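Participant: Given next are the chains, with one letter for each unit.
4 protein chains.
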Amino acid sequence: AGPFARSGLTPVDKIRELIRQSQEAKGQAYCPYSKFRVGAALLTDNDCYFKGCNVENACTNLGVCAERTAITKAVSEGHKTFKAIAIASDMEDKFISPCGACRQVMREFGSKWDVYMTKPDGSHKKMTVDELLPISFGPDDLSVKKINKN
Amino acid sequence: AGPFARSGLTPVDKIRELIRQSQEAKGQAYCPYSKFRVGAALLTDNDCYFKGCNVENACTNLGVCAERTAITKAVSEGHKTFKAIAIASDMEDKFISPCGACRQVMREFGSKWDVYMTKPDGSHKKMTVDELLPISFGPDDLSVKKINKN
Amino acid sequence: AGPFARSGLTPVDKIRELIRQSQEAKGQAYCPYSKFRVGAALLTDNDCYFKGCNVENACTNLGVCAERTAITKAVSEGHKTFKAIAIASDMEDKFISPCGACRQVMREFGSKWDVYMTKPDGSHKKMTVDELLPISFGPDDLSVKKINKN
Amino acid sequence: AGPFARSGLTPVDKIRELIRQSQEAKGQAYCPYSKFRVGAALLTDNDCYFKGCNVENACTNLGVCAERTAITKAVSEGHKTFKAIAIASDMEDKFISPCGACRQVMREFGSKWDVYMTKPDGSHKKMTVDELLPISFGPDDLSVKKINKN
Ligand SMILES: [Zn+2]
Ligand SMILES: [Zn+2]
Ligand SMILES: [Zn+2]
Ligand SMILES: [Zn+2]
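Chains as they are written, first to last, in our numbering: chain A, 518 to 667; chain B, 518 to 667; chain C, 518 to 667; chain D, 518 to 667.
Honestly, I wouldn't trust all of these hints.
Same chains, same names: a pair is fine if it fits in one copy or spans any two.
As the list claims (entries may be wrong) - In silico DSS-like links for lysine-lysine, alpha-carbon gap of 25 Å or less:
#1 K663 x K552
#2 K662 x K642
#3 K642 x K552
#4 K600 x K663
#5 K643 x K611
#6 K643 x K629
#7 K663 x K636
#8 K611 x K629
#9 K600 x K662
#10 K531 x K636
#11 K642 x K629
#12 K611 x K531
#13 K662 x K643
#14 K552 x K662
#15 K642 x K531
#16 K531 x K552
#17 K642 x K663
#18 K662 x K636
#19 K600 x K611
It is worth saying that the hints were derived from the structure and are not from the lab.
Just so we're clear, the structure is a prediction, and the values are computed from it rather than from any experiment.
Taking the hints into account, I'd like the entire structure generated from these sequences.
Facilitator: And the structure:
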């Protein structure tokens, strides 16, 4: 349980490890309603790993995705800068892609880090948060100049 | 209250009307916590207009955006095919952009329709849902072939 | 489409009408994933009716319940004070009960109004928002005295 | 980081420790928008502790509460049976109460466990999940007999 730093790994090895952890995380998915298991693993700036899975609810809109589980876990342990996240599902022929809500939560913590969308065989497609959520609404928008509302 | 069809309008006039309605919708925003007013107007395939605003909550994560308000309104009245949505805010120098969750809710009802991000002066930037949420997760993903979970 | 005021109805007739509308609203439910249809009808302080249904999403946690659809609709049309809401589902032998998120959204607009949980035969169980969400977190909590965080 | 079992503690000591951890968790709150810090600590059936905090988003409705952060963390590490959760905020004179969405997520994992609503001085009010979310909608509702939808 918990993150663990693996020093001495090359960048390529870290991503391989990240993808492996996303697949492992999938094993904890609580998805009795959709039966659609998803796992995610997050790599922080200082090489800690955080694993997340989807956690559903009988009121389906109160569930949460694997990616957000991993991110809130990391934040709750004091990590807010990320290098990469890997996502794993059971879809045999498709790279699992993050939903819009997860893209927005990723973007809260920067738009220039990497998202690895994977298949069960470990193959992957990489895109940045910015590529997945172009022209994004973000923290800066809340403080820009507003027109007079009167 | 409610949608109203405006026949006889040219496509350009319909978009101008849509943007006008998004600005009007902003006037109903319930946002005592963020003070960030947003309005949206949705144009259905058969030329009905639906207006939405953000509706916040003391538990901030239980609020909802203007775009989703407009879409759920339309669906609850039997409309599920859309031509365009316009979004309006009070940001003077920025086109208001939809959050990731709203992009995902738009995408549920098709990825080839238009999103007009506007400024208070009525100027706008147009993108399709697909451009705003590339490589999206969608309804089809739930029924594709899965690996054996053992 | 849209709300309509029915004057001249007795209080009992208004509730009967509200329950009828919640059942009608259920007919618009967009729930391809759960197949669990829910409808809601909201009665405003000035006797307008607003109908809502659940609107689901392929990313299941991005759906919204019928009750919240009805409430955000009403707010977007300028109504923020409510007398009652009725909820309808297809559960033959159970009164459909609102989820916690919907209770919180109801509570945002007051805790002393009525929730009618119904069965398909129109029979119902009535409780107030306050009874359904006791000791609630609400708007006032955001402005009470805080300890020094330093 | 991560949970840790503290054996040898009396039930009273465990709750004291749980409340202490909820206060500690508050220190990690990411709440630049509301400035309303909340912490939560969850005690599993086998005496592991999980800490959560609120994690907000520029799109305010995409944030998540401390209680849900703690619960999804525990589930992602394989824990689904809980004894108690403690919640802490900076409100000097009020016991912090969980929002409706958090009550629903608690209820997903049983309705007979304890919720400790605390003040910064460590004093608390205890209620069960069932008392906080009476007549709840839950997992069983999804499988009961439905009327024919035709
Ligand atoms: Zn997601
Ligand atoms: Zn949005
Ligand atoms: Zn609900
Ligand atoms: Zn909450």
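Participant: Does each hint hold? Answer for all of them.
Facilitator: Evaluation of the provided hints:
1. Within a single copy, K663 and K552 get their C-alpha atoms only as close as 45 Å, which misses the 25 Å cut-off; across copies the closest is 11 Å, which meets it.
2. In this homomeric assembly, K662 and K642 come within 25 Å of each other (Cα to Cα) only across copies, at 19 Å, whereas the closest approach inside a single copy is 38 Å.
3. Within a single copy, K642 and K552 get their C-alpha atoms as close as 24 Å, which meets the 25 Å cut-off; across copies the closest is 33 Å, which misses it.
4. In this assembly of identical chains, the alpha carbons of K600 and K663 never lie at most 25 Å apart, being 34 Å within a copy and 29 Å across copies at closest.
5. In this assembly of identical chains, the alpha carbons of K643 and K611 lie at most 25 Å apart only when taken from the same copy (13 Å versus 30 Å across copies).
6. Taking the shortest Cα distances, K643 and K629 sit within 25 Å of each other both inside one copy (12 Å) and across copies (24 Å).
7. When the C-alpha separation of K663 and K636 is checked against a cutoff of 25 Å, the pair qualifies only between copies, where the shortest distance is 10 Å, while the shortest distance within a copy is 44 Å.
8. In this assembly of identical chains, the alpha carbons of K611 and K629 lie at most 25 Å apart whether taken from the same copy (24 Å) or from different copies (21 Å).
9. Neither within a single protomer nor between protomers do K600 and K662 lie at most 25 Å apart by alpha-carbon distance, with minima of 32 Å and 31 Å respectively.
10. With identical chains, the CA atoms of K531 and K636 are at most 25 Å apart within one copy only, with a shortest distance of 18 Å there and 43 Å across copies.
11. Taking the closest pair of Cα atoms, K642 and K629 come within 25 Å of each other both inside a single copy (16 Å) and across two copies (23 Å).
12. Taking identical chains as interchangeable, the C-alpha atoms of K611 and K531 lie at most 25 Å apart only when both belong to the same chain, with a minimum of 23 Å there against 39 Å between chains.
13. Within a single copy, K662 and K643 get their C-alpha atoms only as close as 35 Å, which misses the 25 Å cut-off; across copies the closest is 22 Å, which meets it.
14. Taking the closest pair of Cα atoms, K552 and K662 come within 25 Å of each other only across two copies (13 Å); inside a single copy the shortest separation is 46 Å, beyond that limit.
15. Taking the shortest alpha-carbon separations for K642 and K531, only the intra-copy value of 16 Å comes in at or below 25 Å, while the best inter-copy value is 40 Å.
16. Taking the shortest Cα distances, K531 and K552 never come within 25 Å of each other, neither inside one copy (29 Å) nor across copies (35 Å).
17. Taking identical chains as interchangeable, the C-alpha atoms of K642 and K663 lie at most 25 Å apart only when they sit on different chains, with a minimum of 18 Å there against 39 Å within one chain.
18. Taking identical chains as interchangeable, the C-alpha atoms of K662 and K636 lie at most 25 Å apart only when they sit on different chains, with a minimum of 12 Å there against 44 Å within one chain.
19. In this assembly of identical chains, K600 and K611 lie within 25 Å of each other by CA distance solely inside one copy; the values are 23 Å within and 29 Å between copies.
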